[in-house]
Amino acid sequence: MENQAEFLPMSNDTVFGADWLELRLEEILGITEVSKLIRLSGGANRETWSFEASTKEKCQSLIMQIDRDGMDRLNGTCERESRILQIAKLNGVPVPTVVTSGFSGAPGSRSFSITEKMQGETIARKILRDTQWQKAREGLIHDMAKALAAIHKIDKRRFVGIELSDIRDPLLSLTSIYEALNDPHPTFDFAFRWLRANQPEISESTFVHGDFRLGNLLIDSSGLNAVLDWEIAQFGDPIQDLGWMCVRAWRFGNDQRVAGIGSYHELIDSYGQESGRNVSTTTLLWWEIFGTLRWGIICLQMGGDFRKGRTNSLEIAAIGRRVAENEYDLLQAIREVIK
Amino acid sequence: MNNVDMSDWGLPSRTNYPYDAPSAIELIQAVEECITEEVLPGSAGATKWKLRIAANALKIAVREIERGNSHRDALETIFNDLEVIDEPDLSRKIKEGDYDDRFEMLQEKLLSIVAMKLEVANPSYFKSVQNP
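These protein sequences, in sequence, are chains A and B. Numbering follows the working numbering, in which position 13 of the first sequence is assigned residue number 13; successive positions increment by one, without gaps. To get the working numbering, take the position in the second sequence, counting from 1, and add 1000.
Watch out, some of these pointers could steer you wrong.
Far from chain B by the CB rule (all over 12 Å, computed), these chain A residues [as the list claims (entries may be wrong)]:
no., residue
1, I31
2, I63
3, D155
To give an idea of the interface, some chain B residues facing chain A are shown, with a C-beta separation under 10 Å as derived from the structure [stated by the list, open to error]:
no., residue
4, V1031
5, W1049
6, L1090
Label pairs and their computed distance ranges (CB to CB) [unchecked claim]:
no., chain 1, residue 1, chain 2, residue 2, range
7, A, R307, B, N1016, 22 to 28 Å
8, A, S109, B, A1024, 39 to 45 Å
9, B, N1069, A, G108, 45 to 51 Å
10, B, V1031, A, R307, 19 to 25 Å
11, A, L90, B, E1066, 56 to 62 Å
12, A, D169, B, D1100, 17 to 23 Å
13, B, P1018, A, I338, 29 to 35 Å
14, A, R158, B, K1048, 25 to 31 Å
15, A, R307, B, K1048, 55 to 61 Å
The set of hints was computed from the structure by calculation and includes no laboratory data. In this text, all values refer to a predicted model and were calculated from it rather than measured experimentally. Yeah, the Cβ is synthetic: ideal placement off N, Cα and C, and Gly gets one too.
Produce the complete structure using the sequences and hints provided.
Below is the structure:
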């Protein structure tokens, strides 16, 4: 789901409100005055707020993210992500600088992170269609390939102490989520069976972003400015990050196969130059189909959060009905391959 | 009163006895049209975004009510063809490899089921997937 600007009044909540922020920031920046606290996005898993922090020396625009309220399985994701951001930054990946992070109460409670506010656009439909971003679009496939190569090159040992899944068998991992949901979808079973029978050999396991696509990338007039939303970063086959951004949902209504912007050929070439990896079209297509199944199962799971009363968000309820889009894409893609 | 022409005062017959009109589907349609035509044009930002989602959800509900019966009939025929009783049964048989020698036939039947779902959930989604 795309983010959409949302202007809510300044919050004076005891936690995550302006007074609370001032106390938090005083430890790092000295005496700070917080103003212009506004909620920015309707992201599904977290709240995003923008504000200004003024100290004696300067005034900075900052971003605060908070784990979504009432969803215990998401607790800790913002704090964990801030540690990943710091490692990514040290390894040449374009990301925002972290100011501070922590928990609202005891570890295990809702967590937050505060980062610098970077300039640019994240809304995919605008990036894909507005003339303002035309120049940025021209080099974007290469920018994305370069950022992915940098992400995949980070030494896994840098992440010691951060809980990251190491997905050796991605199909088994996805199957276990699907089976746990206990809501049979024959097309998903069909896709699992096809994917298992046609699985490319997994040659290596690297650090992967896990949700690399438009919507999670900040674009400025010259191209990719920052990679955002690291909440499902993990270890696994690096090509999954390439396949994920080819999933039809992440083309946002455009025809071009890669992120609604470019072709397989462009992505494979650019990523090859930057990473030294030679990716075949067959392998990329397998990961695109895997990604489509993955997004379908995420839609089922998110819709399930509504069905089980964990959220009353209409946006999340509606995502439940997007399962069928992915089933359709799976059947079309597999039909093309077996033709 | 006797001079008034009442020839066109007759109401359409009700379809939802014992209830009064408008019917459930007509009420949902009326709310959707009110949101789309009256409320949405004057809204902005997050409210506009939410109203769009709301109107779209109501359209899905209307299509489901309109087509549910014929879709369920078609689904029965497909289940008979595949020799299963319901979706969980079909899922189980796919997992067990029952259709591995009829993979393309299964693929076409699944597409028929998914097409019905998509016709209700998002009819604008149909289109061919282009080559890589």
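Results for each hint:
1. I31: 33 Å, holds
2. I63: It holds; I63/A is separated from chain B by about 17 Å at its closest Cβ, greater than 12 Å.
3. D155: 32 Å, holds
4. V1031: Violated: closest Cβ of chain A sits about 14 Å from V1031/B, beyond 10 Å.
5. W1049: Result: holds, 4 Å to nearest chain A Cβ.
6. L1090: 4 Å, holds
7. R307/A to N1016/B: 22 to 28 Å: The hinted range 22 to 28 Å holds for R307/A and N1016/B, with Cβ atoms some 27 Å apart.
8. S109/A to A1024/B: 39 to 45 Å: 43 Å, holds
9. N1069/B to G108/A: 45 to 51 Å: With Cβ atoms ~49 Å apart, the hint holds.
10. V1031/B to R307/A: 19 to 25 Å: 22 Å, holds
11. L90/A to E1066/B: 56 to 62 Å: 57 Å, holds
12. D169/A to D1100/B: 17 to 23 Å: 21 Å, holds
13. P1018/B to I338/A: 29 to 35 Å: 53 Å, violated
14. R158/A to K1048/B: 25 to 31 Å: At 43 Å between Cβs, range violated.
15. R307/A to K1048/B: 55 to 61 Å: 26 Å, violated
Checked against the numbered hints above, the structure violates hints 4, 13, 14, 15; every other hint is satisfied.
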